[in-house]
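Novice: Here's the letter readout for the chains.
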Amino acid sequence: MKLTQLSLFLENRPGALRLPCQVLGQAGIDILSLSLADTQQFGILRLIVKDVERARKVLEEAGCVVKATDVLAVEVPDRAGGLADMLGAFEGSGLALEYIYPLVAGHRGKTAVLLLRVEEPEKAAALLAGRTVRVLSREEAFEAVGA
Amino acid sequence: MMTPAESRVWDPAELLPRDRLALLQLERLRGSVARAGITPFYDAALSRAGVAPADIRTLDDLQRLPITTKDDLRAHYPLGMLAVPRSEIARIHGSSGTTGKPTFVAYSHADMQVWSGLCARFLVAGGLRPDHLVHVAFGYGLFTGGFGLHQGIERVGAGIVPVAGGNTPRQVTLLADLRPDVLVCTPSYALHIAEVARATGGDPRALWLSYGHFGGEPWTEEMRVEIERELGIQAFNNYGLSEVIGPGVSGECLARSGMHVAEDHFLVECLDPWTLEPVPDGDVGELVFTSLTKEAMPVLRYRTRDLASLDRSPCPCGRTGVRMSRVVGRSDDMFIVRGVNVFPSQIEEALLRVEGAAPHYVIEIARPGTLDEAVVRVEIRPRDFSDEMRQMVALRDRIDHEIHSITGIRMTIELVAPNALGRSEGKARRVIDHRRAGGAAG
Ligand SMILES: [Zn+2]
Numbered sequence: 003m004k005l006t007q008l009s010l011f012l013e014n015r016p017g018a019l020r021l022p023c024q025v026l027g028q029a030g031i032d033i034l035s036l037s038l039a040d041t042q043q044f045g046i047l048r049l050i051v052k053d054v055e056r057a058r059k060v061l062e063e064a065g066c067v068v069k070a071t072d073v074l075a076v077e078v079p080d081r082a083g084g085l086a087d088m089l090g091a092f093e094g095s096g097l098a099l100e101y102i103y104p105l106v107a108g109h110r111g112k113t114a115v116l117l118l119r120v121e122e123p124e125k126a127a128a129l130l131a132g133r134t135v136r137v138l139s140r141e142e143a144f145e146a147v148g149a
Numbered sequence: 008m009m010t011p012a013e014s015r016v017w018d019p020a021e022l023l024p025r026d027r028l029a030l031l032q033l034e035r036l037r038g039s040v041a042r043a044g045i046t047p048f049y050d051a052a053l054s055r056a057g058v059a060p061a062d063i064r065t066l067d068d069l070q071r072l073p074i075t076t077k078d079d080l081r082a083h084y085p086l087g088m089l090a091v092p093r094s095e096i097a098r099i100h101g102s103s104g105t106t107g108k109p110t111f112v113a114y115s116h117a118d119m120q121v122w123s124g125l126c127a128r129f130l131v132a133g134g135l136r137p138d139h140l141v142h143v144a145f146g147y148g149l150f151t152g153g154f155g156l157h158q159g160i161e162r163v164g165a166g167i168v169p170v171a172g173g174n175t176p177r178q179v180t181l182l183a184d185l186r187p188d189v190l191v192c193t194p195s196y197a198l199h200i201a202e203v204a205r206a207t208g209g210d211p212r213a214l215w216l217s218y219g220h221f222g223g224e225p226w227t228e229e230m231r232v233e234i235e236r237e238l239g240i241q242a243f244n245n246y247g248l249s250e251v252i253g254p255g256v257s258g259e260c261l262a263r264s265g266m267h268v269a270e271d272h273f274l275v276e277c278l279d280p281w282t283l284e285p286v287p288d289g290d291v292g293e294l295v296f297t298s299l300t301k302e303a304m305p306v307l308r309y310r311t312r313d314l315a316s317l318d319r320s321p322c323p324c325g326r327t328g329v330r331m332s333r334v335v336g337r338s339d340d341m342f343i344v345r346g347v348n349v350f351p352s353q354i355e356e357a358l359l360r361v362e363g364a365a366p367h368y369v370i371e372i373a374r375p376g377t378l379d380e381a382v383v384r385v386e387i388r389p390r391d392f393s394d395e396m397r398q399m400v401a402l403r404d405r406i407d408h409e410i411h412s413i414t415g416i417r418m419t420i421e422l423v424a425p426n427a428l429g430r431s432e433g434k435a436r437r438v439i440d441h442r443r444a445g446g447a448a449g
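If you're matching them up, the sequences are chains A and B in order.
Counted from 1, the first sequence has number 32 at position 30 by the working numbering; the numbering is strictly sequential.
Counted from 1, the second sequence has number 283 at position 276 by the working numbering; the numbering is strictly sequential.
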């Protein structure tokens, strides 16, 4: 049900983003999705890869600060209001949604797959049951992205 | 094993009333200026300043005397500042030159007596008794720490284990087997001993140590708390530098709120490093010492580069010597941002208050327009890295807040990866000032 995401600390200097991408590329590890959050002084890069353990190892060997966190992969129907319905499930639940970014999106007429970072993934999954969205297993998520 | 140390005074001179002390100082200052004048360096410097020993009428005349710097000592390498015949040298010590040549200091037999007595003063003030056994883990050799403390302990009549530095596991074994009561070393080495003791399965608190005298490097109140907790002892601070005499220039009493300067042997001034004007008591300035009794190598107004403050209020222990604070930094490292003096130690203090910030940082100062801008790059600890932006922003804001509340200045805080700033074995380069010609300082 959960995907493991790797987060990397990025310094605010030229080449800071390139280094981890290069390291993963050299190790033959595909980046399935990424999201970048930044301030003027530093950034956080979030990555989804299939071989998490190996990716973490090569990144740490290259001197990166890496943290693994669980995210929820949720399939959302690609139609108006699809996302709003999902968010409605959390309303009033007290569950904090930290951030959201797509794993797969933009294929017209199909579904989108979003990654959700929430405090309690199990609770979030339970809240989503019975909605128009569907929480994907790890295998289903990788399949959706063609990996 | 914390035992209350008894309060004793080694030398009645420590209790001299201030008026009698001042008379003694004035008489000794005249003698010291005369002795210094024997050397070509001071002879020239005194005539440039237009001062002869007979012109010293009050202690305020001290300010008419020439200043001495480390560079002056280097320029007269090796023994150009010697004021006695070579045959009268009883000892030579030196300070390693972190930048270039070392400097040497010489002692006459009388200087050696004074020096060991000064070390005995702070050792006894901290509770040393003749029946104690002291573990000395200071380096022996040209460095003044090892022999200085050793001689002081001998004067008091206590036992010594002269272990010197290095081989920490062996030090831990000796501490456990020989059961010394007192530890003498640098404060960082004391923590290292505790760490090694723990790593080898021992409990450093179970050692027989009851207190320790630490010096030879600047340290903080936080480190004192840590040493006391880790080793289960009382930790005392002492201060000295070879150019002045070595350890024994000042040391703490049981009140442990400042180090009593041996004012019957040294005059101390606390000056603004730029203007060389005295700063008010309680304000941080550069300590400047004038020797009053040294024979072999008298120094007049020696600039230590050490930043500290002076406290002239009476001490409950009864000693009358002015108390100096811990050394809070080096005047070479001090910098001015938007008109405010900032010391790297203030940044360290701020970082220590923030969980998640490593005490590794670099400050870069530039003046892109008309205003100074300071950027502090701080390493994060890997375990404190969060994938949530608000946590990281909160960490940065806490650092920002602490630095602002301590220095009164807003600086830009940049978080950098662990080990990004590099470590140097020697003095870390903490301040990069782009405003100065050449673009670098510190
Ligand atoms: Zn006192």
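No wet-lab data here; the hints were simulated from the structure.
Errors might be hidden in some of the hints.
[As the list claims (entries may be wrong)] Covered stretches of chain A (chain B as the covering partner; in silico rule of three or more C-beta atoms under 8 angstroms from a C-beta of chain B):
#1 21–27
#2 76–89
[Unchecked claim] Example chain B residues on the side facing chain A (calculated, C-beta under 7 angstroms, incomplete):
#3 169
#4 378
#5 391
#6 392
#7 395
#8 421
#9 422
#10 424
#11 428
[What the hints assert, rightly or not] Counterexamples of contact, computed for chain A against chain B with all Cβ distances above 12 angstroms:
#12 70
#13 73
#14 131
#15 148
Ideal Cβ positions, reconstructed from N, Cα and C, are used throughout, including at glycine.
Novice: Now look at each hint and say whether the structure bears it out.
Specialist: Verification of the hints:
no.	hint	in the structure
1	21–27	violated (count 0)
2	76–89	violated (count 0)
3	169	violated (43 angstroms)
4	378	violated (18 angstroms)
5	391	violated (10 angstroms)
6	392	holds (5 angstroms)
7	395	holds (5 angstroms)
8	421	holds (4 angstroms)
9	422	holds (5 angstroms)
10	424	holds (5 angstroms)
11	428	violated (11 angstroms)
12	70	violated (9 angstroms)
13	73	violated (9 angstroms)
14	131	holds (26 angstroms)
15	148	holds (25 angstroms)
Figure legend: structure checked against the earlier numbered hints; hints not met, in rising order: 1, 2, 3, 4, 5, 11, 12 and 13.
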